[in-house]
Each structure stands twice: as structure tokens, then as C-alpha cells.
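Undergrad: Listed here are the chains, written in short residue letters.
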Amino acid sequence: MEIVFWITAFVVIASAVGVVTMTNLIHSALLLALTMFGVAVLFVILAADFLAAVQVLVYVGAVMALVVFGVMILQRGPMNLSNMPSKHVLGGLFAAIATMGFLFWGLGSTEWPVSEAAPAATTVEPIAELLFTKYVVAFEVAGVLLTVAAIGAIILAKEVRAGD
Amino acid sequence: MISLTHYLVLAAVLFSIGLFGVITKRNAIAILMGIELMLNAVNINLVAFSRFIEPSDVVGQVFAVFIIVVAAAEVAVGLAIIIALARARQTIDAEELHLLKW
Chain W
1 MEIVFWITAF
11 VVIASAVGVV
21 TMTNLIHSAL
31 LLALTMFGVA
41 VLFVILAADF
51 LAAVQVLVYV
61 GAVMALVVFG
71 VMILQRGPMN
81 LSNMPSKHVL
91 GGLFAAIATM
101 GFLFWGLGST
111 EWPVSEAAPA
121 ATTVEPIAEL
131 LFTKYVVAFE
141 VAGVLLTVAA
151 IGAIILAKEV
161 RAGD
Chain H
1 MISLTHYLVL
11 AAVLFSIGLF
21 GVITKRNAIA
31 ILMGIELMLN
41 AVNINLVAFS
51 RFIEPSDVVG
61 QVFAVFIIVV
71 AAAEVAVGLA
81 IIIALARARQ
91 TIDAEELHLL
101 KW
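Those sequence lines, one after another, are chains W and H.
Under my numbering, think of the first position of the first sequence as 1, with each following residue one higher.
Under my numbering, think of the first position of the second sequence as 1, with each following residue one higher.
What the hints contain is simulated information worked out from the structure, not anything from laboratory work.
Note that the Cβ used here is the ideal one computed from N, Cα and C, for glycine as well.
Hints are not guaranteed to be accurate.
[To be verified] Reference listing, derived: stretches of chain W covered by chain H, where coverage requires no fewer than 3 residues with Cβ under 8 Å from a Cβ of chain H:
1) 15 to 28
2) 39 to 46
3) 111 to 122
[Unchecked claim] A few chain W residues that face chain H, going by a derived Cβ cut-off under 7 Å, partial list only:
4) L74
5) G77
6) L130
[Stated by the list, open to error] For the chain H half of the interface with chain W, some residues (derived, Cβ under 8 Å), not all of them:
7) G21
8) A30
9) E54
10) P55
11) V75
12) I92
13) E95
14) L97
Turn these sequences into a full structure, and let the hints guide you.
TA: Below you can see the structure in the form of C-alpha cells.
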């Protein structure tokens, strides 16, 4: 089990670094899919089987398809220069390292109340139960949000003119 | 044994890489990819907390489900905005999109 975590962690970090350093946008997109898949493997190790399936379906499937279609529609000019860094590389490096240090300091100085209990054998039923009882309002709001986002995306991408 | 801290460190590193991408990329789609990395890092955190601090309860995973919903909506609207921008300004280079700057 340990070796699976280390291999997955290495793949996730290495491909995430690839996403932000590649100068070809399609390479970045494919490495992003690999990162998402690695996160799904982490969810399996963490006994979150339902979330792992959702991660593969929504991120590796839907979100990546959307991003690749976006690249296909929008990209002009040579592909190997499509993802160049801006002039803010040093500032970005400083911000990223500062954030990382701050997060490390926070999680190093916190006493986590770790429990040794066994995880739930199956997660689909408990998640469904929570979604439709305790968090039913949030669930409905999420449904409304998705509907609004879908309609808004169509209107934004289609361009509605005054008089239409 | 892999502990909670391992996952938290991994998520912190992933979050910082995503932040680096958001700040340093010129292409608007690449900026969107950086935001996706950051949201994924948060999901790792929530699921790890759910597994190690309250293993019999799945509240952390329910939160992760909501974050995935919001991330999906964010990508759809974000790409639509980028398409509208590309139509109006003929570019998606973040350095040339400075309408609010003078």
C-alpha cells in the first residue's frame, strides 16, 4: 500500500509540474488528465471509492474534454509556442514557495485528532444518505448552480446581441 | 505507514504548483488548468481528513462532491468567457487583456 502512495504521489507532482512548465498547450492538457487520474488513485487508497469514480468521470472525462475542445477552437498560431510563461515567473515562484511554506508551517504546528477507526466499507450509501437528508439544501443549490452555469455558458459562448 | 501529514504535504505542494501556473501563464486556458490543480489539491485534503479524522463518517467526501460540482460549473463558464473574449478581442493572451488597466 505504501509503495502505491509513493508512486502515485510522484506521478501527481511530476505531471502537475509538467502542466505549468510545458510550452505546448496540448501537452499541458494531457498531463493535467494524468494528474487528475493520479488524484483518483489517491482517492482509492483513501477508501473513497465513489469519489474516485466521480473524479475519473467528471475530471478525466468531462472537464478534460471541455478543455481540449477549448484548445481546438481557440488556439491560433504555432502549437509549440501556445503556452509560454509571462514576465511574472519570479513573482509566481516567490508566491508559490511562500504559500507552500505557510501551509507547511500551518500543518506542522497543528495537533490533528487522528482516529484509528476502520473506514466505512462502502461509501455510496452513506454519501447518498447525507446528500438527501442533512445536506439536501446544499444539494438542491448545487443543482440550481449547474443549471445556471450551463445556461450562462451557452449565452456567453453564443453571443446574444441586442434585438435578438 | 502513510499518515495524514503525507497527504496534507502532497496537497500543499499540488496547490502551490497550481498557484504558480495561475500566476505565470499567458494563455487563459492554461490559467484555468492551474485553477483545476488547486481545486484538486483541496479535494485531496478533504478526503484525507475524512479518512483519518472521522473514518466512519463521510462528511468530508460529501464536501468534495460539492467542490467537484462547483469546479465543473467553473470550467464551463470560464471557457465560455474565454470564447467570448477571443471573439471580442481576437486574443486569449492574459497579458494583452488589460481593459481594466490604464
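Undergrad: Any hints from earlier that this structure breaks? Give me their numbers in increasing order, please.
TA: Hints 5, 14 contradicted; others consistent.
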